[in-house]
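Build the full structure now, drawing on both the sequences and the hints.
So the protein lines, in turn, are chains R and C. Going by this note's numbering, the final residue of the first sequence carries number 238, and the count climbs one at a time with no gaps. Going by this note's numbering, the final residue of the second sequence carries number 1281, and the count climbs one at a time with no gaps.
Treat the hints as calculated values from the structure; they're not laboratory data. Note that the structure is predicted; figures quoted are calculated from it, not measured. Where a beta carbon is used, it is the ideal one built from N, C-alpha and C, also for glycine. Heads up, some of the hints might be wrong.
As the list claims (entries may be wrong) - Which chain C residues stay away from chain R? Per the calculated CB distances, all over 12 Å, these: (1) L1131; (2) L1192; (3) E1269.
Claimed, not checked - Capping the alpha-carbon separation at 30 Å, the derived lysine-lysine pairs in BS3-like fashion look like this: (4) K214(R) - K156(R); (5) K214(R) - K110(R); (6) K69(R) - K1142(C); (7) K103(R) - K156(R); (8) K156(R) - K1093(C); (9) K214(R) - K1089(C); (10) K170(R) - K206(R); (11) K1095(C) - K69(R); (12) K1063(C) - K1265(C); (13) K110(R) - K170(R); (14) K170(R) - K103(R); (15) K69(R) - K170(R); (16) K1089(C) - K103(R); (17) K110(R) - K69(R); (18) K69(R) - K103(R); (19) K214(R) - K1093(C); (20) K114(R) - K103(R); (21) K1093(C) - K69(R).
Here is how the chains run, residue by residue.
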Amino acid sequence: MTITVRNVVKGFGHYPALRDVSLDIEDGAFVALLGPSGSGKTTLLRIIAGLETAESGHILFGGEEVTDKPPQNRGIGFVFQNYALFRHMTVANNIAFGLDVMKRSRRPDKVTIKARVEELLELVQLPGYGSRYPAQLSGGQRQRVALARALACEPKILLLDEPFGALDAKVRRELRNALREIHDRVGLTSIFVTHDYEEAFALADKVAILGHGKIEQYDTPEAVQTRPASDYVREFLS
Amino acid sequence: MSAKNKAVSESFATRLLLILAAVLYVALILVLPLASVFREAFRHGVAAFAGAIAEPDAISAIKLTFTVAAISVPVNMICGVAAAWAITKHDFKGKSLLISLIDVPFSISPVVAGLMYLLLFGAQGWFGDWLLAHDIRIAFAKPGIVLATLIVTLPFVARELIPLMQAQGREEEEAALTLGAPGWRIFLWVTLPNIRWGLLYGVLLTNARAMGEFGAVSVISGHIRGETNTMPLQVEVLYNEYNFVAAFAVASLLAGLALVTLVVKTLLEWRHGDQLAAGGH
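As C-alpha cells, then:
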C-alpha cells in the first residue's frame, strides 16, 4: 500500500521537529528513515502511525486520507525499540492481542486465533515459545515476538522504530535478514527508523535522510552514496 | 548483604549494637504502647471488653466507621486511578497543577480540611441557609463525615500509582493502540493488570486512614453520640469520661484493624515488592 506524507509540520514548543515534510512511498517498498538523533525521524514515523498528530499536513494510505484517523483504525503494525510487549501476558497472548480485541463480528474464533499464533511463531522462528512470558526471553527473541504481534492482524503497512537499537551486532544481523525476508514474503510496505546508515543501506530499497526537520534526500542507497544531494548528506555519511 | 563480604560490612559488635538499638527503640515507642492498649482493654476481663463493645453507642460508632470507609475507599480508588491514568498516560495543560492539587490534603492539617467544610456547609456557612431551607444536613451529620474523610484520603491511591505508572511508561498502551484496541480494553487488559498490586496497596493505605482519621472528622462531626461519632471520636469521648475500659476496648478494635492492614501490606510487599518498589512508600 502506498504511503503519502504531504507537507507535514510538527513542533514541540518552540522547537520545530518537522518543517514541511513530504514523502511518497510506493507499494511494497522497504524504506529507511535515516538521520541523527533529533532529526525528527521518530516523530515522522509516529505521525504516520497516528501516535502523534501533525500541526498541519496530510497522511494518505493507498491514496486514502488517514490524517484524522486514530491509530486503531489505520491498519498498521508497529514495532517499538524496547519491544513494548505486554509483560503480564504469555507470548501467545501477546501475539493474539490484536485479534482478541477485534469487534465480535470480525473476530476469528479461538481455534483460528490459536492456529494463527502458531503460524506467526513459525514465521519469526520461535515455535514452541507460546507459553513463555516476555521476561523469560532474550532481547532478540522479544523483538521477534513484537514483530509477530504486529503482523497478527495482517497489516499492509509495517512501521518500525529503531527495531534493532537495543540488540547486539550478531542478533541484529540475524533479525535484519529475518525482517527483510518477512517483508518480501508477506508483501508489506515497511518503514523503519534508524541512525545507522550501514543498516539502512543494507536493508532498505530506498533511504530518506532527515536533517533539520526536513528530508534532505530520498533515493536508493546507491544514489545516496554516489550522488549526495547536499553537504549535510555528505557530512552525515562520512 | 552477605555476611562473608567483610569489606563492606560492619564488625559483629557494631552490627549487634545497631540492631539492639533499633529493636529497643521500636519496642519502647511502638510495641509497648500498643500492648498497653490491649492490656487496658482486657483489664477487667473479656466480659467487660465484650460489654463495652456491645454498647449501642460503640456499635453505632463501629457501623459509622465501616460505612464511611465503604464509601470513601471505592470513590477515592476510582478517582485516584482516573487521575493517575490522566497524568501519566496523557499530556494536557495544567497537569502539574493537578499533581500539586492532589497533594494538598497531605500538606494541610486535617483540622483545616474539616473547618473548610464547616465554613461551606455549617449553619453560618456559605450554603448554610440554603441547606437549612431544603432540610439537607451535611455539617454535624454523616454526609459531612464522609466528605471530610474523602478529602483526607484523596491522595493515597493516586500518589501510589503515579510513580509506578510513570516508571512503566506509555509504550504498552501505544502498542495496544496500534493493534486496534479501544480505550477501555487497553485500560482493562493492559494498564490495570500492570498496576494491580500497587492499586491494592494504595487502597489499603486509604482504608487505614479512612478508619483512623480523627482531626477532620472531629471538626465536622459535632460529636453526637450514637449518631456522628466514628470509632476514633468515640474513643476520645469515652476517655474524657474516664471510662477507660470502654475507651481502650474500642481503641484496641481500631488497633486490631490497623494490624490486619499491616499484615496484608507486609504480605503484599513480600510477594510483589518488585512491582511496588517504584511507588517509593
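The hints, checked one at a time:
1. The beta carbon of L1131(C) is kept farther than 12 Å from every beta carbon of chain R, the shortest such distance being approximately 45 Å.
2. Interface exclusion of L1192(C) from chain R breaks down, the closest Cβ pair being 10 Å apart, not more than 12 Å.
3. Every C-beta of chain R lies more than 12 Å from that of E1269(C), the closest at about 19 Å, which supports listing it as non-interface.
4. Between K214(R) and K156(R) the CA atoms are separated by roughly 26 Å; this keeps the pair inside 30 Å, and the hint holds.
5. Between K214(R) and K110(R) the CA atoms are separated by roughly 46 Å; this puts the pair beyond 30 Å, and the hint is violated.
6. A threshold of 30 Å between alpha carbons decides the hint, and for K69(R) with K1142(C) the separation of about 49 Å lies outside it, so the pair is violated.
7. Annotation: proposed proximity of K103(R) to K156(R) holds, straight-line Cα distance about 20 Å (limit 30 Å).
8. For the hint pairing K156(R) with K1093(C), the CA-to-CA distance comes to about 36 Å; that exceeds 30 Å, so the pair is violated.
9. Taken as a hint, the K214(R) and K1089(C) pair is honoured in the structure, with Cα atoms around 29 Å apart against an allowance of 30 Å.
10. For the suggested pair K170(R) and K206(R), the alpha carbons sit about 24 Å apart, so the restraint of at most 30 Å is met.
11. The hinted pair formed by K1095(C) and K69(R) meets the criterion: a straight-line CA distance of about 26 Å does not exceed 30 Å.
12. Restraint check: the Cα-Cα separation between K1063(C) and K1265(C) comes to about 24 Å, which is no more than 30 Å; the hinted pair holds.
13. Taking the CA atoms of K110(R) and K170(R), the gap is near 37 Å; set against the 30 Å cutoff, the hint is violated.
14. Restraint check: the Cα-Cα separation between K170(R) and K103(R) comes to about 41 Å, which exceeds 30 Å; the hinted pair is violated.
15. Taken as a hint, the K69(R) and K170(R) pair is broken in the structure, with Cα atoms around 38 Å apart against an allowance of 30 Å.
16. For the hint linking K1089(C) to K103(R), the alpha-carbon distance of about 24 Å falls within 30 Å, and the restraint holds.
17. Straight-line distance between C-alpha atoms of K110(R) and K69(R) comes to about 29 Å, which keeps the hinted pair within the 30 Å bound.
18. For the hint linking K69(R) to K103(R), the alpha-carbon distance of about 18 Å falls within 30 Å, and the restraint holds.
19. Restraint check for K214(R) and K1093(C): the C-alpha separation of about 28 Å stays at or below 30 Å, so the hint holds.
20. A hinted pair counts as satisfied when its Cα atoms are at most 30 Å apart, and K114(R) with K103(R) qualifies at roughly 17 Å.
21. Taken as a hint, the K1093(C) and K69(R) pair is honoured in the structure, with Cα atoms around 23 Å apart against an allowance of 30 Å.
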